[in-house]
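Number of protein chains: 2
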Amino acid sequence: MGLVVQKYGGSSVADAASIRRVARRIAETKEAGHDVTVIVSAMGDTTDELNDLAHKVSPNPPGREMDMLLTAGERISMALLAMAIHDLGHEARSYTGSQAGLITDSAHGRARIIDITPGRIQSAIADGAIPIVAGFQGVSHDSKDVTTLGRGGSDTTAVALAVALKAEVCEIYTDVDGIFTADPRAVGRAHKVDTISYDEMLELAAVGAKVLHLRCVEFARRFGMPIHVRSTFSNATGTWVVADPTEGGTMEQPIISGVAADLNDAKITIVSVKDEPGVAAAIFRALAKAGVNIDMIVQNVSAQATGRTDVTFTCPTADMARALQALFDARDEIDFETLTSDEDIAKVSLVGAGMRSNPGVSATFFSALSDAGVNIEMISTSEIRISVVTSAAAAPEALRAVHTAFGLDADGEAVVYAGTGR
Amino acid sequence: MGLVVQKYGGSSVADAASIRRVARRIAETKEAGHDVTVIVSAMGDTTDELNDLAHKVSPNPPGREMDMLLTAGERISMALLAMAIHDLGHEARSYTGSQAGLITDSAHGRARIIDITPGRIQSAIADGAIPIVAGFQGVSHDSKDVTTLGRGGSDTTAVALAVALKAEVCEIYTDVDGIFTADPRAVGRAHKVDTISYDEMLELAAVGAKVLHLRCVEFARRFGMPIHVRSTFSNATGTWVVADPTEGGTMEQPIISGVAADLNDAKITIVSVKDEPGVAAAIFRALAKAGVNIDMIVQNVSAQATGRTDVTFTCPTADMARALQALFDARDEIDFETLTSDEDIAKVSLVGAGMRSNPGVSATFFSALSDAGVNIEMISTSEIRISVVTSAAAAPEALRAVHTAFGLDADGEAVVYAGTGR
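One line per chain: the protein sequences are S and P, in this order.
Note that my numbering gives residue 205 to position 192 of the first sequence, counting from 1, and the numbers run on in steps of one.
Note that my numbering gives residue 247 to position 234 of the second sequence, counting from 1, and the numbers run on in steps of one.
None of these hints come from the bench; they were simulated from the model.
Hints are not guaranteed to be accurate.
One copy or any two copies: either way a pair holds, since identical chains are not told apart in the list.
Within a straight-line C-alpha distance of at most 27 Å, the following computed DSS-like cross-link-like pairs (lysine-lysine) qualify [stated by the list, open to error]:
{"#": "1", "residue 1": "Lys69", "residue 2": "Lys43"}
{"#": "2", "residue 1": "Lys43", "residue 2": "Lys157"}
{"#": "3", "residue 1": "Lys205", "residue 2": "Lys223"}
{"#": "4", "residue 1": "Lys69", "residue 2": "Lys205"}
{"#": "5", "residue 1": "Lys43", "residue 2": "Lys179"}
{"#": "6", "residue 1": "Lys287", "residue 2": "Lys302"}
Bear in mind that the values here come from a model prediction, so they are computed numbers and not experimental data.
All chains, please: the whole structure from these sequences, using the hints.
Following this line, the structure appears as structure tokens:
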């Protein structure tokens, strides 16, 4: 049988007992006749604790040293996991990102993988050993310094290594049973999806679904690596993320794969700018220079009498103050009356590859929101996604209404997290 | 001005405040015009905590994985120290043992340095940066795996790197003011020694003085690297460890440099072995095969009537059970009546290069012990050391009596630790 790459997140290795449980799971996979390579995150809150320690020592720690510090986290978890597997009678060898050949650029804290040279991992597999690789980290091509990959880095490590090693599947173990039609904490009747396409998963990840990071899904899509998202705490099949969920199956692809709400954005309106060419360019040049990530953009129809209009956009709440400052600094060039901003917003999104061929989807979506009394502030769409901005307060009801309107509610009991309670 | 290598132990970097204090000290050295390279240990009790964690996960963790785990400790402290120096306006770059070019053999947990290729450290110094190097760790020449150097490893790293970088001095920062004539916790009137020879320091380290490890002193002696042992908590001159303390000085070298007691040994007596050639060889071959470190050996005069005698030796208490087992296993070959053992012993030693040319030293030593009512169980001597084994209970009084007899007592107040209270 072929090679299985397994990735375990921080909550799966939070303490000694959890590490021993994960070790048993890995040993069982090996005993079933598979080769196994494991990617592991830092234990529980280790990364947060190291971050706190850094900020006690220095208000503005250099990126190179932050990466050196944070990579201690996976070093601890991977060595402990290797020990626990060793106790079960299998040889396991831990490897840092650098040792595993994860070559990155030099952008500390958010490095991109540029190459993988997994010679030592391949040798270990050939020896019959189980390599345990630190997630989230690599070594820079230019300076040979240790780097971290930033958010979603461990999932990305897992998929990238699965591709490099030509694995059959990349299993992402987490504290939920798979990908759900909505966050079960917000929508009690949400249910697990059996399969989902890379495109749908990308849209879901982009609009706030937390289970898989955008970056890892992009990587999997580019190289066609199947991802199996499943629970550390059960042996049940989770969700398969693949190129074409209908392939080889008898089921018709569902129209809608899920709904999600993202509460991490803020909305800024630039009131009364001239409705003429070049204004939008000036606005978004100023914001880009300040490093603000823009998500949705809406421009109202110009009031003919004045020749002026409003421009509204959303960005991460963390970028809001910087965005406002950048706009004020460029006030002479942009020429606006005033700025308004709102942090208490939510982006509610509906994702499904089937909406391409089902023209009634938008109508059902907006009717459901209207019937639920949800006020819509902005709208944006892609080929397989519709997103609206609502008040943060209205988001839970909006999610539930849409989930029900598309027939996503589970028939029986509400699906609940099979998590650790963390 | 030349290069200064500074080594800071775990108690010097126990928390964020300590790390910032050490950073200021390093910055001051740099600002005084020196190039500086720093070796740092893991923070406070980090190594013990990681050890505990390992034994919660596995009763018998493999050495390779223990080393991977433990080296996370210095990774954390060195990154934090580099951040704190950066805040003071100096560039600092942290390096693992592997990055610093510390090439070792493959003996995990007690690796020996076989080469140093400090290219990255030299480049950093040439750039005007301050390299911060992880103590206690290296990378194995054969397997490229991470190794640890075992006890005294950080001091040894510091001296070895000082030699490789052709430093002017290797400063070992600790929580005491230098090398004392005796442990100030045991002998209240102990005082600091200004200079001491490598030979004397080796004897003192071998008989239980804890400040410098045997291995680091051996390294310094072989390459003639001056060591300056001094306090992290004051700017006072500490103790210089050099080849010849009298060189260039006006002071005559003191006869005695210190006394020490070591409570970590046990005593085993092999009762009634044949007094004939080959018996001792059989005994110590059996013990060597079991990996028992032998210290002192005494063989009684044979009782003529029986042709049999007793052999007594000391070894680390940790090796005692293994030693007894090894002797029982070789009973047929060795042919003895029985074994007796005693853990409650102390080795009390007097060290001084001056005793070579002062024949009265032994007489003064034994008179002092006799006057204090201390019973002597074994005696062993080197050219510059006399050691006796006493009961553990008698050791404190033995130390004080010998310290006084050789005029080592400080005139004024008792010298006390300038430590952290840890």
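Here is what the structure says about each hint:
1. For the homomeric pair Lys69 and Lys43, the shortest alpha-carbon distance between copies (24 Å) is at most 27 Å, but the shortest distance inside one copy (43 Å) is not.
2. In this homomeric assembly, Lys43 and Lys157 come within 27 Å of each other (Cα to Cα) only across copies, at 26 Å, whereas the closest approach inside a single copy is 34 Å.
3. Proximity of Lys205 to Lys223 under the C-alpha cut-off of 27 Å is restricted to the intra-copy arrangement: shortest distance 14 Å within a copy versus 61 Å between copies.
4. In the homo-oligomer, the alpha carbons of Lys69 and Lys205 never lie at most 27 Å apart, since the shortest distance is 42 Å inside one protomer and 35 Å across protomers.
5. For the identical chains of this complex, Lys43 and Lys179 are intra-copy neighbours only, at 17 Å inside a copy versus 51 Å across copies, given an alpha-carbon limit of 27 Å.
6. In this homomeric assembly, Lys287 and Lys302 come within 27 Å of each other (Cα to Cα) only inside a single copy, at 22 Å, whereas the closest approach across copies is 90 Å.
Comparing the model with each numbered hint stated earlier shows that hint 4 is the single one that does not hold.
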